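Enquirer: Dock the two chains into a complex; use the hints.
Those protein sequences? They're chains A and B, same order as listed.
No gaps in the numbering here: position 144 of the first sequence is 182 in the working numbering, and each next residue is one more.
No gaps in the numbering here: position 14 of the second sequence is 109 in the working numbering, and each next residue is one more.
Calculated directly from the structure, the hints in this document are not laboratory data.
Predicted model, so just to flag it, every value in this text is computed and none were measured.
Using N, Cα and C, we set each Cβ at its ideal position, and we do this for glycine too.
Careful, some of the hints might be misleading.
Said to hold, decoys possible - Covered stretches of chain A (chain B as the covering partner; in silico rule of three or more C-beta atoms under 8 angstroms from a C-beta of chain B):
1) 215–227
2) 338–347
3) 383–395
4) 428–439
Residue-level listing of the chains:
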Amino acid sequence: MYKNMFFLFLLLSVVVATKASSDTLIEKQRNLGVLTENAGLKLPVGFAAIVAIENAGRARHLAVTPQGKVYIKSGKLINGKSVLAFKQEDASGKLAITQSFDRIAGTGIAIKNGYLYTSSNEEVFRYKLNSNGDVEDTAKAQRIITGLINRRQHESKSIALDNAGNIYVNIGAYSNSCQEKDRAKGSKGIMPCPVLDSAGGIWCFKADKENQTYGDGFRYATGLRNVMGLDWNTQTNSLFVMQHGRDQLYQSWPEYFDTTSGAELPSECMYELHKGSNCGWPYIYYNHLLHKKMLAPEYGGDGKKEGSNEFQDPVVAFPGHMAPNALLFYTGNQFPSRYKNGAFIAFHGSWNRSPLPQAGYFVAFVPFKNGKPSGDWEVFADGFAGKPIINSTRSAEHRPCGLAQGPDGSLYVSDDSKGTIYKITYTGK
Amino acid sequence: MKSIVIISSITVLLLSFKQPKKPQSKIDSSPQASINRGVAVYRKECMSCHQADGGGVPHLNPPLSENTDVLGDKKKIISIVLKGMEDRIPLDGEYYSNSMASHAHLSNLEIADVLTYIRASFGNKASAVTPAEVALVRGGKKK
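The following block holds chain B by itself, in its conformation from the complex (with noise of 0.2 angstroms):
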């Protein structure tokens, strides 16, 4: 077990020194590769509330599968995202008693590439989120 464990890490390092510096304008901006980068923001960032398979938590926490605003107005999730939510009002019926903070720590391009993840997961079908419509929902403040 344990030798499982230190090859595995050393092929993380290996591969974290090969791992190519990409400047910012050769970013894949592919909805594929978008939702690739959004999965690695998901567990990280999400994961831990809306859960591994965006059920969410009953009461808690809402699900983002089948849910109204996140296959809705791409301006209304963003702006959830970046200011977070303590609305406590229901959403698709329900109410949910935690607080989602805000995430505005989080890059325009992270944004996107989260939400086009999750507008693509948990049998949701929906468009990708762009950079760029994460920075107009932003507004003066680049990052």
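Just chain A, with the same shape it has in the complex (with noise of 0.2 angstroms):
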């Protein structure tokens, strides 16, 4: 009895205690003039949203070519094929289907100079498109790289292409910090931490030549521990990435996190990289209450001692475990201008942050001007889970997963929950 009486009171302190300090920041983002409601989404005045597609398999990112023919690449089979085509029916909006094919799953889709490429978890392929954006022959897959890591653990592999025929590829930390026991109580880290050398960073390959592997290709960037979201910024010629932070700091080390902290920490961040960046995972995460890089647990951190400034700095960092999956820097005109140029995060939601409510589930956006961020980052679309409070991540109904630039300058937002695609316009009303 007494034990039962004592667990409920420790319950409610956690809950009373939680509930005024946490959260705090992401509610005061989200509370941004926000006033119309649309598809299911809270938006910003002036923007409208409407449902574009249904049921678009497990829909993680998506393009859209010149002649706004949008592309999606799906995280799981349907009939048999993985990248579904689709073009504008009418003045609605809505869109029809017009090609699927591809017989891997995946996560990957860019395009770029009269090409589509898709990922698996493991190979990067090309398709040549036609003046009308179709894909030509859809059995005419070119093989551009092979052979990468995929052990399952952050097996995604995101892309980006620059202009000067290069194509970025994320390849996923197979672990959490790099621990001799991964994920385990009090496990420290592997020094150096072997997962680097494969994994844990960007790797750079040329777009147009095929069966690449490591060795034609270099690792443009390292200490990140799983990029689902990068965009080649035209605007600095440099690539843009956010890292997925590290999970568990609570549940691994509870001498050093309690359950507040361990759901705000580490931050989520966006770096600018440049060739030979490192951003110091499994070393290091990043505070951004304190502002400031701290030595990870498994490497002797407590909480408190701060991290070897020979890491990179991120250009922005959220709250913990939002799980950034897509980066966006928005080039259209529709937009008011001070959209021109920022960028745009979807953020699939947490699932590492309990006892304390899930967090995420959203579309932010950071202004920038010359390159750099301008302004504090703010929720834009919201919504996506259908119901205010997360409490188990699979309660969600959408989680944002990609997003894409119309040739409009709409944005359109995948959900790889459900698969409906949303396309957001600014209307002015």
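Expert: Take a look at the structure:
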């Protein structure tokens, strides 16, 4: 009896304490000028959204051609296919399916110089597009990259291309924090971390050469645990990425972290990369409340010791575990000018914040000027989860996963839970 | 808000002093008592991955509700908790990408309690797991 009551009070005090202190940052960013509701989404005044496509499988990333054809890469096969192509049917903005092909499920998809690039969890392919934006021969895939590590954990291979003929591929680390025993309580980190030789970074390859593997490309940046969202910024002419920060600070190291710090930390970070960048995983994590790099507990940290300055600082740091699955720099002219060259980030939504409620499940925006953030981040499109509080990840109805810009400057958002594709436009009303 | 936190923390402190230190032999072995203790183990050790409702995380961590193995052979799930799991085989038809670490640091009683709790929660209805059954799977090493 005492034990039960003890537990009840403990629970109560945890709930009350965390309600008061945490999530205030997310709440603050959420209340900026949100008024209209569209397709179940909450958007800033003047924006509207429609459901453009429904039931497009496990719609991971998506890309739009200059002609407005929308290509979706699904994480599971739909009638044996993983790429679905759609075109606008009428003025309503609804899209109708035109092609389906590619027999290997995956995440990455991108369009560059008349080619459609797609990735499985081990390889990258490309297909030639014709002048209508259709794939000329869906049976004719050119294999560009092969043999990339897939040990299931962080297996997605997100891709982005620059304007100089290169393709950048994320190879996620097959562990949480490079511990001797992955995710085990109190297990030490391996020094140096062997994962970094073949994963935990961004690799660069030629965009037009067939059958390249590790030896043909090079490690462009390292110390990145898992990057789902990456985009080439044409203003700075550099690659920006969003890292999925490590999990389980509290669960693995309860002597240094409590449920609140374990939920808020580590920050989900945006980095601007250059050849040779090292962002510090697994040796450090970032703390956006202190604006500091911190030594990871697996490598002697205690939540207070700072991490080495040899590692790069983020350009933007968000609260923990929200899972940034896509990054897009907006170059269109449809949205008001403050959005131009700014960054949209699709947050898939967390699972590692319990016993606090989960967070994310929205698209955020960061204004940029001259290639640098010019203001705080804000929630741009919210309501994907379908309910105000998500305690268990599975109960989120939709989860934002991919972002793409249409030729008219509309923003497309994919949801890999139900396969819903949203089209967000600016109407000024 | 602050005062509520303080009051409830004080209550927790007081209660924890009053809490009688039960000797090992007097542990209530009824399934209900085991379930009650199992909640706390679940929240601390398992909930982050398998979630508050036992629903897991799509494609990452399997649900423990409507799960064939959870309702099935006790030895198998005891062994999963003791040794961890990185099989990456389809569980009820789905792959899960995350790794589950060994939880051998938990006592036989804690493992029995948490599995009893799981087998009686999230819509599950299956028999209790006893510390003796955990000890048998753990083998020579006593804990």
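Enquirer: All hints are to be evaluated individually against the structure, with a verdict given for each.
Expert: Now for the hints, and whether the structure bears them out:
1. 215–227: holds (count 6)
2. 338–347: violated (count 0)
3. 383–395: holds (count 4)
4. 428–439: holds (count 5)
In this structure, the one hint that does not hold is number 2.
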